[in-house]
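Heads up: the sequence lines are chains G and H, in that order.
With positions in the first sequence counted from 1, the corresponding number in the numbering used here is that position plus 102.
One point on numbering: in the numbering used here, the residue at position 118 of the second sequence is 112, and numbering is uninterrupted.
Hints in this document: simulated from the structure, not taken from any laboratory.
Even for Gly, the Cβ is constructed at its ideal location relative to N, Cα and C.
A couple of the hints might just be wrong.
[Stated by the list, open to error] Just the calculated beta-carbon pair ranges, DEER-fashion: (1) H:S410 / G:V174: 33 to 39 Å; (2) G:V224 / H:D378: 42 to 48 Å; (3) H:R358 / G:I133: 50 to 56 Å.
[To be verified] Computed cross-link-like contacts, SDA-like style, restricted to lysine to any residue with a CA-CA straight-line distance of at most 25 Å: (4) G:K104 / H:K357; (5) G:K183 / G:R199; (6) H:K357 / G:F139; (7) G:K130 / G:R198; (8) G:K144 / G:R199; (9) G:K104 / H:A152; (10) G:K144 / H:E179; (11) H:K163 / H:L254; (12) G:K141 / H:S27; (13) H:K163 / H:R121; (14) G:K104 / H:S183; (15) H:K321 / H:E301; (16) G:K130 / G:M103; (17) G:K141 / H:M339; (18) G:K213 / G:K104; (19) G:K183 / G:K144; (20) G:K104 / G:K141; (21) G:K104 / H:R358; (22) G:K104 / H:L254; (23) G:K213 / G:R162; (24) G:K141 / H:S183; (25) H:K357 / G:R198; (26) H:K321 / H:E351; (27) H:K357 / G:K183.
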Amino acid sequence: MKYMLMMHTPREGWATAGIGTWPPEDIKAHIGFMMQFNKELKESGELVGAEGLAGPEAARIVRAGANGVPEVTDGPFAEAKEFLAGYWIVDVDSTRRAHEIAARASAAPGKGGVPLNMPIEVREVMSAPSVDL
Amino acid sequence: MTNPSPDAAPEHLLRDLAPQVLGAVIRRFGDFSAAEDAVQEALLAAAMQWPSEGVPDNPRGWLIQVAARRMIDHIRSELARRRRDAEAVIKDPPELQILPAPDSGVPAEREDTLILLFMCCHPALTRSSAIALTLRAVGGLTTAEIAHAFLVPEPTMAQRISRAKERIKASGEPFRLPSDQERTERLGSVLHVLYLIFNEGYTSSSGRDLQRADLANEAIRLTRALHHVLPGEAEVTGLLALMLLTDARRDARTGADGELVPLTEQDRLRWDRHAIEEGVALISDALPRGAVGPYQLQAAIAALHDEATRAEDTDWPQILALYGLLKRMSDNPMVALNHAIAAAMVHGPRTGLQLLEALDTDKRLAGHYRLDSVRAHLLEMAGDHQAAIEKYQRAAGRTASIPERNYLNTKAARLSAERRS
Chain G
103 MKYMLMMHTP REGWATAGIG TWPPEDIKAH IGFMMQFNKE LKESGELVGA
153 EGLAGPEAAR IVRAGANGVP EVTDGPFAEA KEFLAGYWIV DVDSTRRAHE
203 IAARASAAPG KGGVPLNMPI EVREVMSAPS VDL
Chain H
-5 MTNPSPDAAP EHLLRDLAPQ VLGAVIRRFG DFSAAEDAVQ EALLAAAMQW
45 PSEGVPDNPR GWLIQVAARR MIDHIRSELA RRRRDAEAVI KDPPELQILP
95 APDSGVPAER EDTLILLFMC CHPALTRSSA IALTLRAVGG LTTAEIAHAF
145 LVPEPTMAQR ISRAKERIKA SGEPFRLPSD QERTERLGSV LHVLYLIFNE
195 GYTSSSGRDL QRADLANEAI RLTRALHHVL PGEAEVTGLL ALMLLTDARR
245 DARTGADGEL VPLTEQDRLR WDRHAIEEGV ALISDALPRG AVGPYQLQAA
295 IAALHDEATR AEDTDWPQIL ALYGLLKRMS DNPMVALNHA IAAAMVHGPR
345 TGLQLLEALD TDKRLAGHYR LDSVRAHLLE MAGDHQAAIE KYQRAAGRTA
395 SIPERNYLNT KAARLSAERR S
């Protein structure tokens, strides 16, 4: 079963208390943790893909306008409480395993090495239908 | 060298030879893990060379020789690495030339396939790694093919396989058949892994990636090989029959736009008659022999479906009796769900719905879309369309399959439209 693990980060305080404002050694510890975490998932043969996303400041919303022309706007990030910071796709034997992986990601070290315990949204990736209808 | 005949499929030849070659190399050198890598390289070399240069007169010997050279290279580099305690690595340096007589040791070859299956489906492995290792070591598939079939990156699959081999090494499993006491349980693991490979291929054949359907063929091929080695094992025969009888319906299972077509609405002329005949013959042969197990019962049920020319000709009382037996044999809520459907077909939807109530408290089914979708069908049968619509919609929200979600949403939408008109 494949799951997408989405790492949500609070919108509020992103600029004032986000990772960019931590002491360098904390940033280093956080990045080191993520690299090690991805390495472990690769080695366990469970990693399908993982990406970190650029900050929300540069994000744009696109809708099709008249004749399908892209209409690009900035919003509505101001109202959003959280934004997607990155994701993993893992291929695991059970939902429980997906939850274990998510919990480990959630506990990534933050400022002062304190676990962030950030919310990780776990969603099953759509797959083939079961044998019988 | 002989010229390849147009109908000779080198790919199938390679896959059939893979476990025999691996068995021979392990018997000579030990070290399952390194031998498996060496055989994989030999298979890749053959896949490159044989199409242009022709299949050698003794393909098995050719593969063993190439794999043995790789093993010797591997051992040499190991020796160089551990020069000081070389004696721990190997006692007798192997000679460079290994030329087994053609078709030598046929019983050993069969036994090797069996030993390899037992190893690759070792209970210490996770399901996904047992599946991957079986496909590579016994099925002769490349890592790239397996990765493609499971839609994961090749390095991930390579890692999964190498971890599986490490685990087997750590388990200390010797290269021989398990003891009589262990045998039944271990055979159960092998059959389960083959069943999972089949399911992966069968269920995804409606998906965008037709190549995944090869997994169903691959599972049938491996189960056929196992049946060939153990013709007296009724559950092996049962599993092979179940696969053939289910796979016979594969093409009819999806419509023109890839949508799911339920059993009752399938065009039965599209079912594969040859597969059905073979499956029916196998299960008819296995059932009277005594030890009836779950695979045989499921095959018998599949045979009853396949033998009905029209959906309304289905022998539901017989199917209900078989699900009754199956339910007593295995504590599986999915079996209980199918039993409820069969009961509804025989005694009416209310009986089926009553049976479903007992499943509401089963934690294993909590929130599972199948309970909702079966209940929706039975409510529809009972004429309670409003309740059926709600259950169809709830099931659609819970399934992890897009074709299934489309099917369930369409069912709900049709009933809603009927109510309005």
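What hint numbers does the structure not satisfy? 2, 3, 5, 6, 7, 10, 11, 16, 17, 18, 19, 23, 24, 27
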